[in-house]
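> Between the sequences and the hints, there should be enough to build the whole structure, so can you do that?
Residue numbers (numbering that gives the first Met the number 0), protein chains in the order written: chain L, 0 to 111; chain A, 0 to 111; chain G, 0 to 111; chain S, 0 to 111; chain R, 0 to 111; chain C, 0 to 111.
All clues stand as given, with none of them false.
No copy labels: a pair is met if it fits in one copy or bridges any two.
In the SDA-like style, the derived pairs of lysine to any residue whose C-alpha atoms are separated by at most 20 Å in a straight line are:
#1 LYS23 x GLU43
#2 LYS44 x LEU106
#3 LYS23 x ALA33
#4 LYS44 x ARG77
#5 LYS23 x PHE103
Hints were generated in silico from the structure; no laboratory data involved. If you're wondering where the values come from, they're calculated on a predicted model, not measured in any experiment.
6 protein chains.
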Amino acid sequence: MSAIDDFETYRRKMNERILSTHHKGITRFFNLDAAAYREGALSEKTKELLGLVASTVLRCNDCITYHIIQCRDLGVTREEFYDALNVALVVGGSITIPHLRHAFQVLDEMVP
Amino acid sequence: MSAIDDFETYRRKMNERILSTHHKGITRFFNLDAAAYREGALSEKTKELLGLVASTVLRCNDCITYHIIQCRDLGVTREEFYDALNVALVVGGSITIPHLRHAFQVLDEMVP
Amino acid sequence: MSAIDDFETYRRKMNERILSTHHKGITRFFNLDAAAYREGALSEKTKELLGLVASTVLRCNDCITYHIIQCRDLGVTREEFYDALNVALVVGGSITIPHLRHAFQVLDEMVP
Amino acid sequence: MSAIDDFETYRRKMNERILSTHHKGITRFFNLDAAAYREGALSEKTKELLGLVASTVLRCNDCITYHIIQCRDLGVTREEFYDALNVALVVGGSITIPHLRHAFQVLDEMVP
Amino acid sequence: MSAIDDFETYRRKMNERILSTHHKGITRFFNLDAAAYREGALSEKTKELLGLVASTVLRCNDCITYHIIQCRDLGVTREEFYDALNVALVVGGSITIPHLRHAFQVLDEMVP
Amino acid sequence: MSAIDDFETYRRKMNERILSTHHKGITRFFNLDAAAYREGALSEKTKELLGLVASTVLRCNDCITYHIIQCRDLGVTREEFYDALNVALVVGGSITIPHLRHAFQVLDEMVP
Numbered sequence: 000m001s002a003i004d005d006f007e008t009y010r011r012k013m014n015e016r017i018l019s020t021h022h023k024g025i026t027r028f029f030n031l032d033a034a035a036y037r038e039g040a041l042s043e044k045t046k047e048l049l050g051l052v053a054s055t056v057l058r059c060n061d062c063i064t065y066h067i068i069q070c071r072d073l074g075v076t077r078e079e080f081y082d083a084l085n086v087a088l089v090v091g092g093s094i095t096i097p098h099l100r101h102a103f104q105v106l107d108e109m110v111p
Numbered sequence: 000m001s002a003i004d005d006f007e008t009y010r011r012k013m014n015e016r017i018l019s020t021h022h023k024g025i026t027r028f029f030n031l032d033a034a035a036y037r038e039g040a041l042s043e044k045t046k047e048l049l050g051l052v053a054s055t056v057l058r059c060n061d062c063i064t065y066h067i068i069q070c071r072d073l074g075v076t077r078e079e080f081y082d083a084l085n086v087a088l089v090v091g092g093s094i095t096i097p098h099l100r101h102a103f104q105v106l107d108e109m110v111p
Numbered sequence: 000m001s002a003i004d005d006f007e008t009y010r011r012k013m014n015e016r017i018l019s020t021h022h023k024g025i026t027r028f029f030n031l032d033a034a035a036y037r038e039g040a041l042s043e044k045t046k047e048l049l050g051l052v053a054s055t056v057l058r059c060n061d062c063i064t065y066h067i068i069q070c071r072d073l074g075v076t077r078e079e080f081y082d083a084l085n086v087a088l089v090v091g092g093s094i095t096i097p098h099l100r101h102a103f104q105v106l107d108e109m110v111p
Numbered sequence: 000m001s002a003i004d005d006f007e008t009y010r011r012k013m014n015e016r017i018l019s020t021h022h023k024g025i026t027r028f029f030n031l032d033a034a035a036y037r038e039g040a041l042s043e044k045t046k047e048l049l050g051l052v053a054s055t056v057l058r059c060n061d062c063i064t065y066h067i068i069q070c071r072d073l074g075v076t077r078e079e080f081y082d083a084l085n086v087a088l089v090v091g092g093s094i095t096i097p098h099l100r101h102a103f104q105v106l107d108e109m110v111p
Numbered sequence: 000m001s002a003i004d005d006f007e008t009y010r011r012k013m014n015e016r017i018l019s020t021h022h023k024g025i026t027r028f029f030n031l032d033a034a035a036y037r038e039g040a041l042s043e044k045t046k047e048l049l050g051l052v053a054s055t056v057l058r059c060n061d062c063i064t065y066h067i068i069q070c071r072d073l074g075v076t077r078e079e080f081y082d083a084l085n086v087a088l089v090v091g092g093s094i095t096i097p098h099l100r101h102a103f104q105v106l107d108e109m110v111p
Numbered sequence: 000m001s002a003i004d005d006f007e008t009y010r011r012k013m014n015e016r017i018l019s020t021h022h023k024g025i026t027r028f029f030n031l032d033a034a035a036y037r038e039g040a041l042s043e044k045t046k047e048l049l050g051l052v053a054s055t056v057l058r059c060n061d062c063i064t065y066h067i068i069q070c071r072d073l074g075v076t077r078e079e080f081y082d083a084l085n086v087a088l089v090v091g092g093s094i095t096i097p098h099l100r101h102a103f104q105v106l107d108e109m110v111p
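Pasting the structure below:
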């Protein structure tokens, strides 16, 4: 699981670095971002799946890794992951396939 | 509700026109697209919300209109729409705001 | 100047409609968006030019119209507009040309 | 064929307006753009098909209209158009479908 | 030629992994993707060039590598590659230049 | 500062390689690209900030590295960088955050 660990360490370190500037706009954006995935009219699980599909069609591997971890922690099953990734594949086209490969690599590295 | 009606009429007419060519690749893509939103490991409702958020971050008004109609038919509530659109806004940024305006216009034109 | 007036009226009306839902995430995003262009380490004028170029390479006509109006109110000259749009054209490629046409149409409709 | 005529008139008028500024960078870009599609190692026809597919996956209707006209003038057949659009659809995904509808509308408006 | 070999090994391994899930939608998409580049109204060579340009303007290095290999196997010459990449550069702008560098690196690693 | 040095060495080497083909269109594009950032109605500093924000919303790490170096050479301060990156973050959304992390890493590697 070291690639995921490396990503999480890097992500945490750099986010702390960014927030250490105390730039008001950036700080508020990070808070807003965290808040968007909290339980509301939609469940956390649904929101994280929305984040995963948005990340896949926009083709951002780091964002895909992050949302797969969040989804896993909220109990998303393998079959649910595949269905969500399939929606992203159909909407986003074959240009998303390298990101599908990335997603599967992350899924397979994770403790099930 | 005429703007939505116009869209649906145009969409149906042009899709029929496209399929009338019997191009094998295009026909199969359209079938695949329809199949991606059918009940599976994830519910139709969740899948349509995934389609709506993907359409919003990719900034396609016609796709937004289409998925709002599908979501409405599957019982998505106003508060659920707002939560999904908020995820899209945070992921996709202020560049999605014109599409948020479009989404609200469609929501307000629809029979509740 | 009616096309610009129409845009401003529609934009104001729909933004009010969106904010009338009092969705906390969306409201905070709109505030954050407005704050990003306020005088800081960079001048308002520079920030609005950044907004204009970002809007052009991301190919959003409504965003282009909005930032041109803001730039004009802050005294951006014709030659400055052309230089900024040229950077956007070179970065974003010929796919931005239809948006360059839109930008020129807005520039020519504005009171100089 | 009036929608295509309107587009061509508007495009010509606005391009002339843009070039009337004599901005050196913009002028050179327009020349460069025209030159890219001239006969070279690849034929004009192949280059225009490349332009059409690039325009479709980047989802620019005006660019699609323009390259369809150019392709038609170079003798691209209906079946060749469909094959090219199918590549764009598979690469770019269902988000390109509204642009496929636009492409078919332009194709059907053109003198065959 | 090891970077290309590594890519091909990884690509094959991960595609097999993805297909091993037997997800119906994903499997059908992969078949559709392969079919889009088969000889039809347009030649395989033209279709692979379309795939290369689409991949470049959408800025996907793995997709660029893949289509360059396919083009090479179909006899695309150096000058034809340059002409196709130039169309992509003009359409997609300077933001594609890092991908142009990638494309040239792949071209130079390949057996001519 | 070795990551930046490596990037600059690779960038220079590959650009020379690309230009060594003497492809007329590509050569002219590279000249046009360099010219777009020269002092004109807008200062070099403003133009490089435009390039940085365009690169960030289009999510190109190599382009971000390049424009940060240029901005630094023109005396852009830390606070000005943060303000520009904040505009990019708000316009482009959370999908740009991995590129914000990259930008901060480059900023911290540079001689102040």
